[in-house]
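Engineer: Given only the sequences and the hints, what does the whole structure look like? Please build it.
When we follow the UniProt record's numbering, the leftmost residue of the sequence shown carries the number 1, and every step to the right adds one.
By construction, these hints were calculated from the structure, which means they are not laboratory data.
There could be a bad hint or two in this list.
Taking lysine to aspartate or glutamate pairs in the EDC-like style, the calculated list, with each CA pair at most 20 Å apart, reads [as the list claims (entries may be wrong)]:
| no. | residue 1 | residue 2 |
| --- | --- | --- |
| 1 | LYS232 | GLU112 |
| 2 | LYS141 | ASP196 |
| 3 | LYS218 | ASP128 |
| 4 | LYS273 | ASP243 |
In this text the structure is predicted, and so the values were computed from the model without any measurement.
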Amino acid sequence: MIEEDDFPHASTDIILFPPNDGWDTDEDSGEEDAVSPDNLPSAQLRAPAEIQVPVEDDDSDDDNIPLARLVTQSKQVSKVSKTYNWTDGHISYESGIFESTNDTEYQEYQEEDPYSIFSKLFDENIFDILIEETNRYALSKNTNSRPVTIREMKSFVGILVLSGYVLYPRRKMFWEKDKDVHNPLVSGALSRDRFDYIMSVFHIADNNNLTPNDKFAKIRPLFTLLNQNFLKHAPHIEYHSVDEAMVPYFGRHGAKQFIKGKPIRWGVRLLPKWIYRVGH
1 MIEEDDFPHA
11 STDIILFPPN
21 DGWDTDEDSG
31 EEDAVSPDNL
41 PSAQLRAPAE
51 IQVPVEDDDS
61 DDDNIPLARL
71 VTQSKQVSKV
81 SKTYNWTDGH
91 ISYESGIFES
101 TNDTEYQEYQ
111 EEDPYSIFSK
121 LFDENIFDIL
131 IEETNRYALS
141 KNTNSRPVTI
151 REMKSFVGIL
161 VLSGYVLYPR
171 RKMFWEKDKD
181 VHNPLVSGAL
191 SRDRFDYIMS
201 VFHIADNNNL
211 TPNDKFAKIR
221 PLFTLLNQNF
231 LKHAPHIEYH
241 SVDEAMVPYF
251 GRHGAKQFIK
261 GKPIRWGVRL
271 LPKWIYRVGH
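Structural biologist: Here you go:
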């Protein structure tokens with residue numbers, strides 16, 4: 001039942017659609033000449049109806065403003081001017097947060113050879129993880145090869161370090177017999193086929209237990225152990241330098257970046273720290 005109070009607008013229109021069966025002439029009781037809602041046919045009363053209510057135009061004058069001007073206005077953000085007072089001096093910090101920086105603390109590093117220092121940072125715990133995860137992945141792939149040993153893994157890592165500063169157009173040139181490219185240090189440590197096999201199954205973490213949403217989950221164990229060793233053998237001192245380094249990478253990875261103007265534009269950006277007294 002619709003009352004007059006249900007229509008706030010005086011010019012509300014009600015449209016009655018034809019009944020489903022237009023041939024029925026069954027009407028309510030009443031005089032035929034009296035045309036009002038009280039004597040409409042029952043089929044017409046059961047037919048669908050539509051109410052049209054006029055809507056007031058609440059639009060502002062912004063409709064007359066060009067769209068380009070509205071976009072420009074939306075981009076304008078109120079800028080709050082900030083005032084900075086610069087002073088000449090050293091940054092104050094709490095005393096005791098930096099450890100002693102006496103040269104005698106690093107005397108043991110100065111007397112050791114590079115391999116001994118590298119072994120302190122890249123220790124046996126790291127090699128154990130590399131061997132365990134590499135053999136685990138090789139077993140999951142059903143490779144018909146013997147497990148990787150500690151000697152082979154150390155030779156493999158050593159060749160990777162050497163290839164970082166001894167650059168060849170192709171990696172296989174380390175094992176070629178030509179005198180101008182042959183490297184007896186590499187070929188004597190590990191055969192070419194064995195190196196290629198370790199490279200194909202090399203793993204640092206278990207693929208079945210990776211941390212979700214961690215872009216470096218596959219190398220996170222290596223990062224964790226390296227950070228622990230660096231903090232152990234390189235205490236946090238007052239004077240150090242932090243710079244960025246790009247690791248070249250052209251595959252698909254969530255951490256890959258493009259930095260224009262850099263010698264290496266595509267890759268993963270790292271932030272290494274250099275301690276001037278230790279040299280790493």
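Engineer: Each hint needs a verdict: does it hold in this structure or not?
Structural biologist: For each hint, the structure was consulted:
1. LYS232 <-> GLU112: With a Cα-Cα distance of about 17 Å, the restraint between LYS232 and GLU112 holds, given a limit of 20 Å.
2. LYS141 <-> ASP196: It holds: about 15 Å lies between the C-alpha atoms, which stays within 20 Å.
3. LYS218 <-> ASP128: Distance ~16 Å between LYS218 and ASP128 Cα, so the pair holds.
4. LYS273 <-> ASP243: 7 Å, holds
Figure legend: structure checked against the earlier numbered hints; every hint is met.
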